[in-house]
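Enquirer: These are the residues of each chain, in order.
There are 2 protein chains.
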Amino acid sequence: MPRRTPGRAPITSPAAATVFELVMTQGPVSRVEIARRTGLSSAAVTKAARPFIEAGYLTEMTSGRTGPGAGRPASPLAIRPDREYFVGIKITGDDLIGVVTDLRADVRCSYHHTLGDHEVDHVVAAVAELVTRLLDAGDYRGRTHCLGVALSGDVDRESGQVRYSPFLGWRGVPLAELLEDATGLTTTLENDVKALTVAEQWFGDGVGASSFAVVTVGAGIGSALVVNGGLVSGAYGVAGEIGHVPISPAGPACHCGGTGCVEAIASTGAIIDRARATTGEPELTMEQAVHRARGGDPKLREVFATAGNAIGLGLAALVNLFGPERVVVSGEGLETFDLFEEQIRTTFAAQAFGSARRCVLVLRPQPFEQWARGAAAVAVRSLFTTGQP
Amino acid sequence: MPRRTPGRAPITSPAAATVFELVMTQGPVSRVEIARRTGLSSAAVTKAARPFIEAGYLTEMTSGRTGPGAGRPASPLAIRPDREYFVGIKITGDDLIGVVTDLRADVRCSYHHTLGDHEVDHVVAAVAELVTRLLDAGDYRGRTHCLGVALSGDVDRESGQVRYSPFLGWRGVPLAELLEDATGLTTTLENDVKALTVAEQWFGDGVGASSFAVVTVGAGIGSALVVNGGLVSGAYGVAGEIGHVPISPAGPACHCGGTGCVEAIASTGAIIDRARATTGEPELTMEQAVHRARGGDPKLREVFATAGNAIGLGLAALVNLFGPERVVVSGEGLETFDLFEEQIRTTFAAQAFGSARRCVLVLRPQPFEQWARGAAAVAVRSLFTTGQP
DNA sequence: ATGTGTTAATTAACTTCGTCAAGAATTTAA
DNA sequence: TTAAATTCTTGACGAAGTTAATTAACACAT
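In order, the protein sequences belong to chains S and L.
The opening residue of the first sequence carries number 590 in the working numbering; numbering runs sequentially from there.
The opening residue of the second sequence carries number 590 in the working numbering; numbering runs sequentially from there.
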């Protein structure tokens, strides 16, 4: 059962949620258009929209152009982004990244904070301090009530618990509650990749797609899937583990116990290992490897191509099984995506089956704040939905 | 938009559908229990159930045992399987398999029919004849109004069209309409693997699982996935192509254009090819290969083990990405599953990630009629749902 | 400028679905 | 026989959305 009800937002019915979500994601839209797209009657749209307008979340744009032809001009509904602000924080093993966003999840302000200690109390205090710093950076205090927190690992959003976090070494920590006490903000916890996916679904490349996937490449390789508008969670809590899809029986052993997993070939660590082995330079750093590969070093280019190939195969597996409309590939590892992109696309095109090939592959390096923005997006959504995944 | 409304069944509201589905799948249940499990009020259950009872689809079991303790004894609701019958037909390239089932999708009667010609008219006539034969085999005529048809390929259930069937060489055939005219029965068309999955979801091992998968092994290797209670269809019509998940970059070329696909290693055709190559006997048949493998021939056992390994890797990919509660592996290829099973399970266990390993693997050879039963199950469902996938 | 047609939004009456609370039915236990 | 427990039914009520009619705001032609 849910831990708490954030409350204030005028979500009273499914229709209200639908209407608001549509305006939030599809920019300004007239009521008639909303009715058409959602299948509701236009009367229902009028009713659903009113409380949002009265509460200041939506406005009518009594604006200019109506389009050609006769008839009463529409007054499209638009979101008022500065009606409320949200704090999003991503916790990694090394530091905290925090942002303040508006209702559209646009970042207004961001800070980093290095994390010395993994003790729960210490992290909670550090987050609280970061929140204070963020809120004081602008005129955000009075209009901010929600905090979103993202971290990698096994997280239960419903109960606000961190069930298991390998990076922090935590088990069964009721983090949401602790942070609520420490900050006074209604707090929502979510797995980091899922949070990123929510951000993408509502405010990014997932808008309008009923099914899509987000894949992150970096120290680990993970993904989250949206099918029929809902996040796939896995019956046993595990899903989207594209990093552990086996693609090469003769490949290297993976830390998960398997063989030839995508992650064992294309994670940052695996790439460095291979680069060192191929060149015979045990001290080689990632920066050097990237630099020399860009300079044309054939051995190192081959290393990156191998990684790109592995990712492409993993994507093909995902797409052949799911048939998503779009896939966004992102993460720290994509900062060097000039070294990957061609190979990923080539391999994917060769292995995707039939019409699944039409799935759009968006490759995009991810600024660090995106993770924190994902956390904020989860907070935004928590205000405007009624408990769904 | 839907082509037609089957109608007669008293599905008036979402609650009605929910209640009926629960009774259908979870055997006799008392109203209170239904209310508890669905989250409806017990008053709503009473109201929803009444029309079904009046129409003869459900009965009250004023039966014996109530369980211990005081209180008014429950009168559990049960389905009346013989209230209505359904015809299910599976069309392959070579023949038709037809069954009559009751409301529970239990097979009452079945026939085969060899298909000489792939001409549309000829197939329609053959199906109509088979339907007549099936209905005349028992007292089914007056109580049968729905026909379900399953075939492999790209099928649009909504419009009742066969968009593309490689086996039959059809494109854009409005088969449902043609069959409706020829048989007088309300006809539902569905892809064969999806149909099998529906049968499993409502009447088999998928009952009660919110997410699960069905994998079929045979001439081809396919699968269908159910997530959050809904079938995954793929944005471009392709999904569940586990047969074309790449698992071995050094493996054989696949007819799809890819390399090392599961199907290129573990389909019936691929197994025979390998068996012939390994033994150096170009005339070797599947029967002989199976016989000698069972007898202990190490080379042939190895061939089957390789196939089992490929299937296990494909399953691991599927499970790591989806995290289903259960997977049912089935199909003609599984008739020899004594040769596969161990290897499938071993490989799967080695490659499944974390808790995903807890996913239950059900290996089960599939009698031929199961395909036709799937078709019938789709027909049953078409009567009792309101247009969902 | 002024009616006329056209599209957008609102309003009002009604339908439908389901909840709630009270009570009827039917058993066990004292 | 009465009390307690439990299931099922009933009817009043309320929430959410629909349809149909009305009002609003414009473009355009005369």
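What the hints contain is simulated information worked out from the structure, not anything from laboratory work.
These numbers were taken from a predicted model, which means no experiment stands behind them.
Virtual Cβ for every residue (Gly too), placed ideally from N, Cα, C.
Do not take every clue at face value.
[What the hints assert, rightly or not] Below, simulated SDA-like cross-link-like pairs (lysine to any residue); rule was C-alpha separation at most 25 Å, straight line:
(1) L:Lys888 to S:Pro838
(2) L:Lys636 to S:Lys888
(3) S:Lys636 to S:Leu972
(4) L:Lys636 to L:Trp791
(5) L:Lys636 to S:Phe926
(6) S:Lys888 to S:Gly826
(7) S:Lys636 to L:Ser602
(8) L:Lys636 to L:Arg669
(9) S:Lys888 to L:Ala839
[To be verified] Calculated from the model, a selection of chain S residues having no Cβ within reach of chain L, i.e. all distances over 12 Å:
(10) Leu704
(11) Ser812
(12) Gly847
(13) Arg947
Enquirer: If a hint holds in the structure, say so; if it does not, say that too.
Expert: Taking the hints in turn, this is what the structure says about them:
A threshold of 25 Å between alpha carbons decides the hint, and for L:Lys888 with S:Pro838 the separation of about 20 Å falls inside it, so the pair holds. Annotation: proposed proximity of L:Lys636 to S:Lys888 is violated, straight-line Cα distance about 73 Å (limit 25 Å). As the CA atoms of S:Lys636 and S:Leu972 are separated by approximately 19 Å, the hinted pair is consistent with the 25 Å bound. With a C-alpha separation of about 23 Å, the suggested pairing of L:Lys636 with L:Trp791 holds against the 25 Å cut-off.
Under the criterion of a C-alpha separation no larger than 25 Å, the hint pairing L:Lys636 with S:Phe926 is inconsistent with the structure, at around 60 Å. Only pairs whose Cα atoms come within 25 Å are accepted, and S:Lys888 paired with S:Gly826 is rejected, the gap being roughly 40 Å. Under the criterion of a C-alpha separation no larger than 25 Å, the hint pairing S:Lys636 with L:Ser602 is consistent with the structure, at around 23 Å. Pair hint L:Lys636 plus L:Arg669 holds up; C-alpha atoms about 19 Å apart against a cutoff of 25 Å.
The straight-line distance between the Cα atoms of S:Lys888 and L:Ala839 is roughly 21 Å, inside the 25 Å bound, and the hint therefore holds. Its beta-carbon lying about 25 Å from the closest one in chain L, S:Leu704 satisfies the requirement of being farther than 12 Å from that chain. Chain L draws S:Ser812 into its interface by the beta-carbon criterion, the shortest separation being 8 Å against a cut-off of 12 Å. Annotated as non-interface, S:Gly847 brings its C-beta within 12 Å of a C-beta of chain L; the closest such distance is 5 Å.
A cut-off of 12 Å between C-beta atoms contradicts the statement that S:Arg947 is not in contact with chain L; the least separation is 5 Å.
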